[in-house]
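Peer 1: Given these sequences and hints, build the entire structure.
Here the protein sequences come in this chain order: U and S.
According to my numbering, the first sequence is numbered sequentially starting from 1.
According to my numbering, the second sequence is numbered sequentially starting from 1.
Some hints here could point you the wrong way.
Copies of the same chain are indistinguishable here, so a pair counts whether it falls within one copy or spans any two.
Cut-off 25 Å, straight-line C-alpha distance, at most; resulting in silico cross-link-like pairs (PhoX-like, lysine-lysine) [what the hints assert, rightly or not]:
| # | residue 1 | residue 2 |
| --- | --- | --- |
| 1 | 325 | 2 |
| 2 | 234 | 70 |
| 3 | 408 | 70 |
| 4 | 71 | 408 |
| 5 | 245 | 406 |
| 6 | 406 | 22 |
| 7 | 318 | 22 |
| 8 | 17 | 2 |
| 9 | 2 | 245 |
| 10 | 169 | 408 |
| 11 | 88 | 368 |
| 12 | 169 | 406 |
| 13 | 169 | 409 |
| 14 | 368 | 130 |
| 15 | 285 | 245 |
| 16 | 22 | 2 |
| 17 | 408 | 17 |
| 18 | 409 | 17 |
Everything labelled a hint here was simulated from the structure, so no lab data went into it.
What you are looking at is a predicted structure, and each value in this text was computed from that prediction instead of being measured.
There are 2 protein chains.
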Amino acid sequence: MKVILIISDGIADQPIKELGGKTPLQMANKPAMDEIARTGVNGIMDPIAPGITPGSDTAHLAILGYDPYKKYEGRGAFEALGAGLEVKTKDICFRGNIATVDNKFTVLDRRAGRIRDDAEELVEAVSRIKLNFFPDIQVVIKHTIEHRCAIVLKGPHLTRMISDTDPHKSNHQINESQPLNDSSEALRTTHIVNLLTREIHRILDTHPINMKRRAKGLLPANAILMRGAGVVPKVRPITDIYGIKALAIAAGALYKGVCKSVGMDLINVQGATGDYETNTIAKAKAAVENLPRYDFILIHIKATDNASHDMDVKKKIKMIEKVDKLVKYILQNTDPDKVIIAMTADHTTSTESGEHTGDSVPVSIRGKTVRVDSVQRYSEIDCAQGGLGRIRGVNLLPILLDYAGKSKKFGE
Amino acid sequence: MKVILIISDGIADQPIKELGGKTPLQMANKPAMDEIARTGVNGIMDPIAPGITPGSDTAHLAILGYDPYKKYEGRGAFEALGAGLEVKTKDICFRGNIATVDNKFTVLDRRAGRIRDDAEELVEAVSRIKLNFFPDIQVVIKHTIEHRCAIVLKGPHLTRMISDTDPHKSNHQINESQPLNDSSEALRTTHIVNLLTREIHRILDTHPINMKRRAKGLLPANAILMRGAGVVPKVRPITDIYGIKALAIAAGALYKGVCKSVGMDLINVQGATGDYETNTIAKAKAAVENLPRYDFILIHIKATDNASHDMDVKKKIKMIEKVDKLVKYILQNTDPDKVIIAMTADHTTSTESGEHTGDSVPVSIRGKTVRVDSVQRYSEIDCAQGGLGRIRGVNLLPILLDYAGKSKKFGE
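Peer 2: Given below as structure tokens:
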């Protein structure tokens with residue numbers, strides 16, 4: 001049997017005042033999701049551990065079976081891998097924001113006026129930037145989506161143990177990166193990152209595109225804020241651990257990167273954008289089409305989380321109902337005797353606060369080998385009554401592969 | 001208070017098509033088991049961890065409180081201990097199958113035509129076999145039940161890190177045992193095992209009993225297939241950890257061996273056979289009779305698992321109903337104020353696939369100190385609604401001994 005796992009980012013929520021204390025999942029019209037809950041087994045899952053608020057990176061690492069406390073080494077490498085950059089074991093990677101700064105390096109806009117069209121060309125102008133004094137360091141920068149990019153440093157004596165240059169809010173100066181330990185590598189890496197920040201600004205500030213943007217009254221995109229220094233986690237790939245072929249269908253670079261780092265294949269789906277406009281049916285079709293070639297397919301949908309970060313309850317409900325169409329397509333186009341379908345979230349995102357929380361998330365799993373419980377609907381509250389009880393993120397993949405008959409016996 | 005724990009091997013199941021998606025536990029008529037569920041606390045248990053398929057050996061080790069990832073060192077020593085052989089710390093032990101091979105060592109039947117009557121005498125003929133070239137090695141072989149035996153190698157420079165000679169299917173040649181690491185001990189142990197395999201064949205092939213078997217048209221039992229090389233796990237006995245006297249009532253050598261390895265006493269019960277014909281009432285009586293002398297009695301019943309491996313749903317239901325008589329006897333002959341009664345399985349065995357799975361198993365516990373929940377029946381689905389929630393195998397014994405008032409306080 002095969003497994004399709006649908007992860008709706010931040011789909012779980014806390015009680016929402018304008019919904020009378022209900023959650024968006026309780027209020028949305030989602031017949032396909034409810035069918036999976038009704039015909040399957042349900043439970044709640046702590047992506048990392050009870051009360052621990054996960055990042056998207058640590059949550060996905062856990063859901064793919066790795067203890068993030070042992071294996072997580074920063075977010076940067078996932079972004080770089082997801083951007084399609086080649087990342088070697090010792091490369092130090094960062095997420096980048098294309099931003100607007102004044103001539104004192106004060107951040108005026110962390111997203112350069114939510115730049116889109118010009119971003120790729122501007123990043124291209126610094127994509128292979130050389131640093132004086134550090135001839136042994138190679139820099140690779142690649143645009144991903146919107147105002148985002150990935151940065152990779154290659155060379156000897158580097159470490160991820162340095163702080164972000166991104167001040168994480170506007171009207172603050174770009175931070176000087178600081179070493180996070182006493183090593184000479186950390187000091188050296190901060191020197192490189194701080195020099196890189198100045199060099200990028202020097203090139204971008206006077207770039208013709210930014211001249212045009214200023215002329216049009218747009219904010220110039222004249223800096224790159226770096227954060228989440230990381231290296232590729234040292235893990236045995238899931239393909240090897242479980243002897244499976246695995247595919248990820250995701251738009252966001254981070255999610256693609258986590259999946260790639262654990263040995264999963266990636267495909268790009270036309271119209272899958274990672275935002276509200278994403279073509280969920282195209283993703284569902286891609287999953288069904290690829291099923292003959294894979295044992296495990298993960299579909300990631302980002303915009304449920306976006307709606308919570310935007311604190312937009314209506315949009316969250318609408319996006320849940322859009323994901324339901326994806327679930328319906330998969331239900332209608334797969335053989336229940338041959339495919340295990342599972343749904344969950346990587347974490348809860350509160351639409352009241354706009355932030356991730358450490359709440360558990362609902363899980364529903366349907367398939368021939370699954371013991372059916374009495375839960376009728378897919379929600380944070382309903383699933384807590386289910387036959388799975390309360391599991392951890394790291395338990396999910398072993399459970400799914402066991403239902404699919406792909407568990408290896410430990411002992412005799 | 002005292003504890004009686006009834007482990008029905010593989011009694012838990014996945015949904016069965018011919019039962020309309022129900023499990024044998026849901027369909028069986030088992031008033032005594034349901035009484036324990038109704039008057040006790042219930043839950044589901046991952047013998048090892050969620051989604052991990054246990055062997056019978058690792059599962060029992062876990063249920064007796066030991067993390068099998070840390071303590072398991074192969075199955076062989078349990079078989080040898082269970083067979084009543086003396087096993088020292090460094091002895092290397094194997095499970096053996098008495099088999100039929102042709103003169104090219106191709107396995108014609110892994111069980112020599114399910115040999116029974118002649119097995120003991122044939123094994124006796126090789127029970128103290130001497131190996132040329134290895135005068136410092138002592139070999140001990142003992143028949144257990146049916147076509148099974150246990151083999152112990154004693155001597156210096158041996159290791160369990162070698163592969164099986166058992167090809168695990170018919171029409172394949174006996175494997176040459178291979179070293180599983182680079183040590184000289186592993187190489188030496190494979191030489192011994194491979195020589196032993198040839199010597200056993202040389203002696204058995206021309207043994208008078210096999211001559212008679214051939215004359216009768218029966219398959220000769222002319223080889224012993226070796227598997228599961230193991231040593232006794234290095235554990236502190238449960239008798240010592242908890243300060244209790246503990247007894248196991250089991251027929252299968254493996255189960256007796258695991259229990260013995262953790263310090264439990266064993267008794268042989270007349271009519272307890274480990275198969276469908278086993279006298280469950282005799283086992284129940286033995287438990288009740290021995291209760292004055294023990295704090296903890298484990299009763300193991302094997303045939304529920306056999307029915308699943310045979311993919312025989314009717315037999316599984318019948319066997320569950322037979323176990324129910326055992327439970328009834330214990331209920332009727334013990335004082336509920338003085339005895340905690342618990343029921344569980346060591347793992348799920350799917351009667352659809354005939355294989356162990358990584359599903360959780362139901363647990364029900366009854367006794368004066370136990371908080372009663374609202375579960376009415378003993379089954380995989382019902383128990384998931386119980387007051388115990390989802391526990392691990394290693395949690396069970398501490399929970400039971402705590403109900404019995406035998407838990408030691410940690411801290412003050």
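Peer 1: The structure should be examined with respect to each hint, and the outcome stated for every one.
Peer 2: Structure-based check of each hint:
1. For the identical chains of this complex, residue 325 and residue 2 are intra-copy neighbours only, at 21 Å inside a copy versus 40 Å across copies, given an alpha-carbon limit of 25 Å.
2. For the identical chains of this complex, residue 234 and residue 70 are neighbours both inside a copy (10 Å) and across copies (22 Å), given an alpha-carbon limit of 25 Å.
3. With identical chains, the CA atoms of residue 408 and residue 70 are at most 25 Å apart both within one copy (23 Å) and between copies (18 Å).
4. Taking CA atoms no more than 25 Å apart as the test, residue 71 paired with residue 408 passes in both settings, with 23 Å inside one copy and 19 Å between copies.
5. In this assembly of identical chains, residue 245 and residue 406 lie within 25 Å of each other by CA distance solely inside one copy; the values are 12 Å within and 40 Å between copies.
6. When the C-alpha separation of residue 406 and residue 22 is checked against a cutoff of 25 Å, the pair qualifies only between copies, where the shortest distance is 22 Å, while the shortest distance within a copy is 38 Å.
7. Taking identical chains as interchangeable, the C-alpha atoms of residue 318 and residue 22 lie at most 25 Å apart only when both belong to the same chain, with a minimum of 15 Å there against 37 Å between chains.
8. For the homomeric pair residue 17 and residue 2, the shortest alpha-carbon distance between copies (19 Å) is at most 25 Å, but the shortest distance inside one copy (40 Å) is not.
9. For the homomeric pair residue 2 and residue 245, the shortest alpha-carbon distance inside one copy (10 Å) is at most 25 Å, but the shortest distance between copies (47 Å) is not.
10. In this homomeric assembly, residue 169 and residue 408 come within 25 Å of each other (Cα to Cα) only across copies, at 18 Å, whereas the closest approach inside a single copy is 48 Å.
11. In this homomeric assembly, residue 88 and residue 368 never come within 25 Å of each other (Cα to Cα): the closest approach is 41 Å inside a single copy and 46 Å across copies.
12. For the identical chains of this complex, residue 169 and residue 406 are inter-copy neighbours only, at 20 Å across copies versus 47 Å inside a copy, given an alpha-carbon limit of 25 Å.
13. Within a single copy, residue 169 and residue 409 get their C-alpha atoms only as close as 51 Å, which misses the 25 Å cut-off; across copies the closest is 17 Å, which meets it.
14. Taking the closest pair of Cα atoms, residue 368 and residue 130 never come within 25 Å of each other, the shortest separation being 57 Å inside a single copy and 53 Å across copies.
15. For the homomeric pair residue 285 and residue 245, the shortest alpha-carbon distance inside one copy (18 Å) is at most 25 Å, but the shortest distance between copies (52 Å) is not.
16. In the homo-oligomer, the alpha carbons of residue 22 and residue 2 lie at most 25 Å apart only across protomers (22 Å), although the nearest pairing inside one protomer, at 34 Å, exceeds that limit.
17. Taking the shortest Cα distances, residue 408 and residue 17 sit within 25 Å of each other only across copies (24 Å), while inside one copy they are farther apart (46 Å).
18. Taking the closest pair of Cα atoms, residue 409 and residue 17 come within 25 Å of each other only across two copies (24 Å); inside a single copy the shortest separation is 48 Å, beyond that limit.
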